[in-house]
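Participant: Listed below, chain by chain, are the residues.
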Amino acid sequence: MTTSTALLLADLAGVAVFAASGASAAVAKRLDLFGVVFVGFVAALGGGIVRDLVIAEVPPLAFADWRYAGTAAVTAAAIFWLHPQFARLRTTVLVLDAAGLSLFTVTGTVKALEAQVPPVGAGLIGMITGIGGGLVRDLLTGEIPVVLRREIYALAALAGAILVVLLEGLGHTGPIPLTAAAVLVFGVRLLALRRRWSAPVPPLRPPPTGAPGPPPQ
Amino acid sequence: MTTSTALLLADLAGVAVFAASGASAAVAKRLDLFGVVFVGFVAALGGGIVRDLVIAEVPPLAFADWRYAGTAAVTAAAIFWLHPQFARLRTTVLVLDAAGLSLFTVTGTVKALEAQVPPVGAGLIGMITGIGGGLVRDLLTGEIPVVLRREIYALAALAGAILVVLLEGLGHTGPIPLTAAAVLVFGVRLLALRRRWSAPVPPLRPPPTGAPGPPPQ
Amino acid sequence: MTTSTALLLADLAGVAVFAASGASAAVAKRLDLFGVVFVGFVAALGGGIVRDLVIAEVPPLAFADWRYAGTAAVTAAAIFWLHPQFARLRTTVLVLDAAGLSLFTVTGTVKALEAQVPPVGAGLIGMITGIGGGLVRDLLTGEIPVVLRREIYALAALAGAILVVLLEGLGHTGPIPLTAAAVLVFGVRLLALRRRWSAPVPPLRPPPTGAPGPPPQ
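Protein chains in written order, with UniProt numbering: chain A, 1 to 217; chain B, 1 to 217; chain C, 1 to 217.
No lab work stands behind these hints: they were computed from the structure.
One or more hints might be untrue.
Given that identical chains are not distinguished, each listed pair holds provided it fits within a single copy or across any two copies.
Computed cross-link-like contacts, EDC-like style, restricted to lysine to aspartate or glutamate with a CA-CA straight-line distance of at most 20 Å [claimed, not checked]:
(1) Lys29 - Glu57
(2) Lys29 - Asp138
(3) Lys29 - Glu143
(4) Lys29 - Glu114
(5) Lys29 - Asp65
(6) Lys29 - Glu168
Just chain A, same shape as in the assembly:
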């Protein structure tokens, strides 16, 4: 399997899991059929469209290659009809989201490097490709974006993007090192979820002695 075939498959797999993630979030909000397909579509293709715009690959793949839109629409519609019972839906969204994050981060970084974007910019584009779909999904379904609440989300993507940039700089391209980077993102994200890792919040000034501190907003 060539790198370009592997990239296509990884990209379509990312489209499918993000479409499922978006559709599940929309089902949880009780949106109707079109709303479910639309949120799935945007979650699956939004990050890639932004990536293609900033690397001047136009029209973006989401519009140039019907397999992208087709994968997103079929997956989201399948989730609408076949979704499991509601109890475990929130966990499903989080795991699918972690998988999409890892796949899109890696393919986004590789595409930016191939488009001659310098290393720092390519890593940022990879991270944004990874987190963009979930960000838009959360805005559309009225949730505070997960990326702002759980810092290990984007940090996991950033770690994977940096690993891809370093590996490419050292000449390690091809499916195996890229898979390793994807596994890194997925693993860090799942561990962070499971162990409830969190980043520091801004220091508060100490409350006056004897008085209770203000409640956090």
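Following the hints, position chains B and C against chain A.
Facilitator: Using the frame of chain A, we list chains B and C on its own:
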């Protein structure tokens, strides 16, 4: 009248009705003069800017041709000063919105086809051009986007975009078939509004026997 | 100092103040370290990315030149650790925001003119470059965008953008006229804040005689 003149006029008419739609929504929220003009501007030109970016027509028409920004600003300001009394404003917004949806869907699809985007992608770009302005207007004025609540909205646009793609594929271009597609979108949307058509929502698991089901959110 | 060096420094200064503005808003919302850096990053670079996309300068400077992302990240992180006590934070955000608005409006307008965008479009792109970062910052932190509430915000940017377009048309380029335009935007914005200038709101129909009018929303 040439196709290109007809497209320009249809595009400017779409700009005017979406500017009026955005401005009316902003008036209903009691925004001030600049807020009204700004929401009108974004509602009128947002969808087209996205369309031009994905088909690599830069700078987008909204910036390259002053008649677009001028039409949007004058229309929105006129709505601010001259808007009718408030009672029927919500209906006005919905009808103007349906007109803008139909005009932008058709011109967006045609422009994408002319930019050599494949049929599926061109239809999607047409639909996004049509629904983009209303989506942004709703986000800016704090409403849940109409496209997520009333599925026949984007579905009407999609039907019109598919009709344009089919007609172009059969060699039927020019104002008359395009007008037919625009009328289709407008008519379907108004019928859906009038008859309160709605799409299915996700199946719920049956409630425990004897207990009432949970109310939908 | 050449115009291009002056533009770079003004641009990086704008990045720093908008990153500080975004980070301060995120600190006020008690977001964690990554959330603070992310909001700072988007507030600092969002307007410029949109500007570069519409003038077809790809990849956008934010990704092509690591000094942009570096300035934003370091500034936002510094605000996280070193931010002053909370009492005066809101004022700090507003003043930094006014400075970013003035710098980005001027550099955005100049870049659009250099990319051969016609005058009206160049002024609009300059205004959008200036107001884009604050708009995204407010959406991400759950505030109604300041641009919709305080009309003198974008109006100040528009005045500065028009001044830049006029000065360039008259052949007055270089740091001194551009600095004058930046000072104009900053001054108008601060005056508007200090004196609570506001634009008219839509006329209401007079309440029935003897009955109190409805409270404004």
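Participant: Could you run down the list of hints and mark each one as holding or not?
Facilitator: Against the structure, the hints:
In the homo-oligomer, the alpha carbons of Lys29 and Glu57 never lie at most 20 Å apart, since the shortest distance is 34 Å inside one protomer and 37 Å across protomers. Taking CA atoms no more than 20 Å apart as the test, Lys29 paired with Asp138 passes in both settings, with 11 Å inside one copy and 18 Å between copies. Taking the shortest alpha-carbon separations for Lys29 and Glu143, both the intra-copy value of 10 Å and the inter-copy value of 15 Å come in at or below 20 Å. Taking the shortest alpha-carbon separations for Lys29 and Glu114, neither the intra-copy value of 39 Å nor the inter-copy value of 38 Å comes in at or below 20 Å.
For the homomeric pair Lys29 and Asp65, neither the shortest alpha-carbon distance inside one copy (30 Å) nor that between copies (41 Å) is at most 20 Å. When the C-alpha separation of Lys29 and Glu168 is checked against a cutoff of 20 Å, the pair qualifies neither within a copy, at 41 Å, nor between copies, at 38 Å.
When each numbered hint is compared with the structure, violations occur for hints 1, 4, 5 and 6.
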